[in-house]
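Protein chains in written order, with UniProt numbering: chain A, 1 to 336; chain B, 1 to 336; chain C, 1 to 337; chain D, 1 to 337.
None of these hints come from the bench; they were simulated from the model.
Possibly wrong hints are sitting among the right ones.
Restricting the straight-line Cα-Cα distance to at most 25 Å, the calculated cross-link-like pairs of lysine to aspartate or glutamate (DMTMM-like) are [as the list claims (entries may be wrong)]:
hint: 1; chain 1: C; residue 1: K241; chain 2: C; residue 2: E205
hint: 2; chain 1: C; residue 1: K195; chain 2: C; residue 2: E205
hint: 3; chain 1: D; residue 1: K117; chain 2: D; residue 2: E332
hint: 4; chain 1: A; residue 1: K288; chain 2: B; residue 2: D212
hint: 5; chain 1: B; residue 1: K51; chain 2: D; residue 2: E265
hint: 6; chain 1: D; residue 1: K195; chain 2: C; residue 2: D259
hint: 7; chain 1: D; residue 1: K195; chain 2: C; residue 2: D208
hint: 8; chain 1: D; residue 1: K231; chain 2: D; residue 2: E265
hint: 9; chain 1: B; residue 1: K261; chain 2: A; residue 2: E287
hint: 10; chain 1: C; residue 1: K36; chain 2: C; residue 2: D208
hint: 11; chain 1: B; residue 1: K261; chain 2: B; residue 2: E238
hint: 12; chain 1: C; residue 1: K117; chain 2: B; residue 2: D31
hint: 13; chain 1: D; residue 1: K195; chain 2: B; residue 2: E287
hint: 14; chain 1: A; residue 1: K132; chain 2: C; residue 2: E205
hint: 15; chain 1: D; residue 1: K266; chain 2: D; residue 2: E287
hint: 16; chain 1: C; residue 1: K195; chain 2: C; residue 2: E265
hint: 17; chain 1: A; residue 1: K29; chain 2: A; residue 2: D191
hint: 18; chain 1: A; residue 1: K132; chain 2: C; residue 2: D324
hint: 19; chain 1: B; residue 1: K261; chain 2: A; residue 2: D191
hint: 20; chain 1: B; residue 1: K205; chain 2: B; residue 2: E238
hint: 21; chain 1: C; residue 1: K91; chain 2: C; residue 2: E39
hint: 22; chain 1: A; residue 1: K288; chain 2: B; residue 2: E56
hint: 23; chain 1: C; residue 1: K195; chain 2: D; residue 2: E205
hint: 24; chain 1: B; residue 1: K132; chain 2: D; residue 2: D324
hint: 25; chain 1: B; residue 1: K51; chain 2: D; residue 2: E261
hint: 26; chain 1: C; residue 1: K195; chain 2: C; residue 2: D208
hint: 27; chain 1: D; residue 1: K91; chain 2: D; residue 2: E39
Note that this is a predicted model, so its numbers are computed, not measured.
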Amino acid sequence: MNTSIQEAQPIHLTYREAVREALREALRKDDRVFLMGEDVGRYGGAFGVSKGLLQEFGSDRIMDTPLCESGFTGAGIGAALGGMRPIVEVMTVNFSLLAADQILNTAATYLHMSGGLFNVPLVIRMGTGGGKQLAAQHSHSLEGWYAHIPGIKVLTPATLEDARGMLWTALEDPDPVLIFENTLLYTMEGDISANPEPVDIDRAKVRRAGTDVTLISYSASLFKALDAAETLAQEGIEAEVIDLRTLRPLDDETLLTSIAKTHRAVIIDEGWRSGSISAEISARIMEKGFYDLDVPVERICAAEVPMPYANHLEQAALPQVATIIQTVKRMVTGHD
Amino acid sequence: MNTSIQEAQPIHLTYREAVREALREALRKDDRVFLMGEDVGRYGGAFGVSKGLLQEFGSDRIMDTPLCESGFTGAGIGAALGGMRPIVEVMTVNFSLLAADQILNTAATYLHMSGGLFNVPLVIRMGTGGGKQLAAQHSHSLEGWYAHIPGIKVLTPATLEDARGMLWTALEDPDPVLIFENTLLYTMEGDISANPEPVDIDRAKVRRAGTDVTLISYSASLFKALDAAETLAQEGIEAEVIDLRTLRPLDDETLLTSIAKTHRAVIIDEGWRSGSISAEISARIMEKGFYDLDVPVERICAAEVPMPYANHLEQAALPQVATIIQTVKRMVTGHD
Amino acid sequence: MKKKSGGKPESIQSDTSQHLIELLRQMLRIRRFEDKCAELYSAAKIRGFLHLYNGEEAIAVGVMQAMQPDDAIVATYREHGQALAWGIPMKTVMAEMYGKQGGCCRGRGGSMHLFDKERRFYGGNAIVGGGLPLAVGLALADKKLGRNRVTCCFFGDGAAAEGEFHEALNLAALWQVPVLFVCENNQYAMGTALKYSHSNPNLAEKADNYGIANATVDGMDVLAVEAAAHKAVDIVRTEVKPFFLECITYRFRAHSMFDPEFYREKAEVEQWRERCPINTLFKTIQEKGWLSDTEWNQLNQEVDSEIAAAIAYAETCLWEPVEDLTRFVYSERGAGV
Amino acid sequence: MKKKSGGKPESIQSDTSQHLIELLRQMLRIRRFEDKCAELYSAAKIRGFLHLYNGEEAIAVGVMQAMQPDDAIVATYREHGQALAWGIPMKTVMAEMYGKQGGCCRGRGGSMHLFDKERRFYGGNAIVGGGLPLAVGLALADKKLGRNRVTCCFFGDGAAAEGEFHEALNLAALWQVPVLFVCENNQYAMGTALKYSHSNPNLAEKADNYGIANATVDGMDVLAVEAAAHKAVDIVRTEVKPFFLECITYRFRAHSMFDPEFYREKAEVEQWRERCPINTLFKTIQEKGWLSDTEWNQLNQEVDSEIAAAIAYAETCLWEPVEDLTRFVYSERGAGV
Ligand SMILES: Cc1ncc(C[n+]2csc(CCOP(=O)(O)OP(=O)(O)O)c2C)c(N)n1
Ligand SMILES: Cc1ncc(C[n+]2csc(CCOP(=O)(O)OP(=O)(O)O)c2C)c(N)n1
Ligand SMILES: [Mg+2]
Ligand SMILES: [Mg+2]
């Protein structure tokens, strides 16, 4: 019987399981890979991502660390330099601030300051995002902020395929890669190919084709953009929806190609507005796509507040589908 | 004899001395003010800023701390909550990454997450900037990066007056204020009024009037912009030069008013390009000044590399006067 | 004066009995309040992270006995116990968990960020270890301003692995500031047992290393905690220097509402449950005959009605208007300090 | 075999004498190299920060004796001594300080960031304390891959106040990784004397607290350092666990080229200068009659000409082309690892 790759049945899983499968695959494929971080082992991962992996791979491969974000991130850098392929899990981006020095001052600079001698093949995964009423210290979306740093790459898998596939691509990268998993996505489910193809992290992806406006988004916001596009389509407005996938380096080309066609762009971003990755995208369109624009690029970002606990306030702080629809309509028709 | 304020002789000093005078004034005026940080006392400050202050004010007011950026920044937050007016000196922004958690997760969020109960009247001063061949871990310009964070204010005094005056304004602010002093400026000298007036931190300032292009800059780059403007003037191009002074909150109005007049803008920024404060400014001009623009806004930023040690490489990485001139000419004439 | 077998004058005995009953009442308030919170969580009235103090009540209640009204408290995300024991009205705590305007932080903080300005309750810090330097700073301010106040900082065993813990202890010792560090050693940091967090699991020795006076106490025994806290606070207040009090305890419930508890044995939990601080004190009081069944029922009813009233209050509170979303990012002009 | 008073066979004596002379030579190389660097700094050939190791040479030289070629070194911004003692060619170090392409990091690192891949010299970290976790990670990799190698991590007394120091020690002890922590306790962190940095100035006790074997040694005595390092490295290598070696030393010169040295007395510096590790060893050797004036002069000349050659090399090296500015931000395709 011929069970070729093409014919394999798709499998149904959640985003959480997709990440877990990616971890499992990496741990199986390469002995140098190990996962370390707070509660990745006995607890099963703060979000249950690594559940069962300690039992499957043992405590040398799945290492619970004490609470010391700077210490174990630094140890990850060292282990990478020592020939391992560590996957460091920082529970969420909120706590990664304690490791910011190691990420920026060591991981990101090491190759350059050593004149090309030492690269750091380190992968750091973190949960990110708001929307779960976790309030001001547990709801940051700082992936765009990290994208400011040369020397690292920043990935934001939105789909099950990307959650499943990006980890391996990141592990094959010779340089430090940060992967941000929006924790709202963990329960998302669907079908993916049982034999996932390698995921390209160099290109943004058009997730929906359209002609009237380009909606630029990434991670959880992608689905808000797609929802908005559906509604807009019912009113005859065809939105093209782009999933950035990688925030550093940005794939300008895909964006500009789309805008050359639609002449309008809206960026949806769960980070705080000022100094966000959406600002960078807008600035690039200014520089390279100005003459293609019919109207100014707009941004729909999180309100510039530390995230409040109350649900109605938090939702008011986050980008919403209704706002996207309203903004696009205004851009297309010229009035609210 | 009438020695009114208006008639006081101007005094001649360096930027370093201007900051020192500002510290001295604050320490004299308000008993609750104290300065703490690494080597602010016995060493006299890493850049000599606080030289002599320990002798003048004693070790309760000028506190040498151990190396522990997170610890003493957090202690500064606590002391501010306890009714003091601490000035925390983080030697340079490079080391502030070790305190990033306290700055973002505590100082910036405290007022909001306490529902308005507790404000944090803390001032944090840091050296910033490249240009001294200090290489990849000692040359960051992260002031624009910090400007992403709601809840804090970010000041970047460029002139002697601002270096002298902003500290007091910051101390009077009920919320956390970060002051970034570009270390290249410390030796800059000039005359300022002996009776400095209070400095407004809410408005950007037009440092040179012009009609053909708006050069937007802050801190050390201001002088590059002014130099470029001088040269351009000789060729009949009149550049308006704006000193942002405060990176958070940004004073959009001053920028937009200028652009409405000049129809062209260049932003000069020593931070890395992607996700820089100049991206934010460009995005805001896109949103609010698009129809005033004759040509797209351009950015002249630091190259996206960890700063190399060698002088010629470092200078190549930093924005240069020649590039500003060249860019403006291209924008005005339509060709290189 | 009538004497009892122990030889105590009756008034003191009755003082003691009343005091013990008060301790019992405080612990019970916390326990019941939190049990209710767990229910309300399932009913989706409370959301976000909810970290219960179940099993650890003796620490907050015991320590607070030694504190004075103008002292300050710095706590963690597991701070309902401290908030209630410190006197933050239950109804404003409950309304905060509901996310209502009438909450102690107008619904912006939630379970992990309870604050009270009047009572000097400085949160509610959800960054593990983040409160320690802040507490040192509060104590520094008191020392500088010559105020004879104590700052009491609660944190867990996991926090002691963070670098900030060390930075804070070193600063406190160098500056000799009046801070009481209370380590709630419940032997787990989420799912990570003490031995996996610390190469040296004796946490009080860490304080020793900084030259900070310290003691370790049974955190399941409110009277022991109270006695140790009195001694500790005395030292902090009179000698103006830090003290480190380690309380050995155990959390009966999961780390948060999301924790499947893979990392520990049911039997271990059961063993510790037998040392429930509330039961223990209840038995002591009963043995002394200080609490009749009627009184006990009445106490329970009081607690229950306080909780019911808190819920009723929370239910009726308004939501903060959405238009006010961006308030309190910066201070409002004129508000100032 | 001719015997000497000490009863050592001649061959051993001559081994010993040769070894001591080699140690002397190594220390002298570092001292002279750095003195020259200071000159070159004044001549603006070297720029940026320049932190000299003057006075501390016995530590790098002593410790390196115990290391094997495939061991690894992690150092700080004050790492010329380690780099030279570890065998990075002086000329590539000098060219690096010049910022030239022929430097060990193509001029991108400078004085604070010396690296050597072949020799496993992992910098050159200018963030105080930043190298410690990295060293733990290198050692972890060795342990995981079953390689019997030692990672030696140098850092200062000031670094021990950073939280990262504690995090790293705890991890090393928990994981039992083969790392040698060498604390260069020169009693100052910039202008901050030990007693202002540490509430407990006994730094080795910190290691003790983590259950890490440790020793404190006179860092001005290269033979003592060497002996202690041998013991320490033996333990690390054979027992596969961390060791903490504290070396008490003193920096004769300013912290960096910008330091006006307000914070210490000239007399104190002078006192320590009398304990110069080079003079001490020189005297020992002289007393034994192991080094004639001619030999000493020759040794000096060799060192001087090595330095002269290094400068000549640096002078003739090319600058990295400006077009290559953005190289090495990311690895080049095909380069990989
Ligand atoms: C800096 C940081 N890292 C990780 C977390 C996630 N987290 C929340 S509580 C916790 C365990 C803390 O354990 P411990 O200090 O013992 O306190 P306990 O919860 O047992 O009271 C962790 C890892 C966090 N909130 N902050
Ligand atoms: C995190 C950090 N904070 C501050 C500095 C600035 N700085 C450079 S060296 C130094 C003193 C370090 O002292 P120590 O660890 O004793 O090493 P030594 O210089 O004495 O060799 C300081 C404060 C830095 N480089 N990194
Ligand atoms: Mg715990
Ligand atoms: Mg030192």
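Q | Satisfaction of hint between C:E205 and A:K132, Cα-Cα up to 25 Å | A | violated, 39 Å
| message | Tell me if the straight-line CA distance from D:K266 to D:E287 falls inside 25 Å. | response | This hinted pair is violated, its Cα atoms lying about 30 Å apart.
**Item:** Satisfaction of hint between A:D191 and B:K261, Cα-Cα up to 25 Å
**Value:** At roughly 56 Å apart (the allowed maximum being 25 Å), A:D191 and B:K261 break the hint.
TODO: For the pair supplied as a hint, B:K51 and D:E261, confirm whether the alpha-carbon distance does not exceed 25 Å.
DONE: The given pair, whose Cα atoms are some 12 Å apart, holds under the 25 Å limit.
- [ ] Sort out whether A:E287 lies within 25 Å of B:K261, counting only the CA atoms.
- [x] Between B:K261 and A:E287 the Cα gap is close to 20 Å, so the pair holds against 25 Å.
Would the hint linking C:K91 and C:E39 be met if the CA-CA limit is 25 Å?
holds, 16 Å
Would the pair B:K261 and B:E238 pass a check requiring their Cα atoms to be no farther apart than 25 Å? holds, 12 Å
Starting from A:K288, check that the Cα of B:E56 is at most 25 Å away, please.
Not satisfied, since the Cα-Cα distance of roughly 56 Å exceeds 25 Å.
Review point. Taking 25 Å as the top limit, are the C-alpha atoms of D:K195 and C:D259 close enough?
Key: violated, 45 Å
Pair hint outcome, B:K205 versus B:E238 [Cα-Cα no greater than 25 Å]: holds, 17 Å
(Q) Would the hint linking C:K195 and C:D208 be met if the CA-CA limit is 25 Å? (A) Roughly 19 Å between the alpha carbons, so the hint for C:K195 and C:D208 holds.
(message) Against the 25 Å threshold, does the CA-CA distance of C:K195 and C:E205 hold or violate the hint?
(response) holds, 15 Å
In summary, the numbered hints that this structure violates are 6, 8, 10, 13, 14, 15, 19 and 22.
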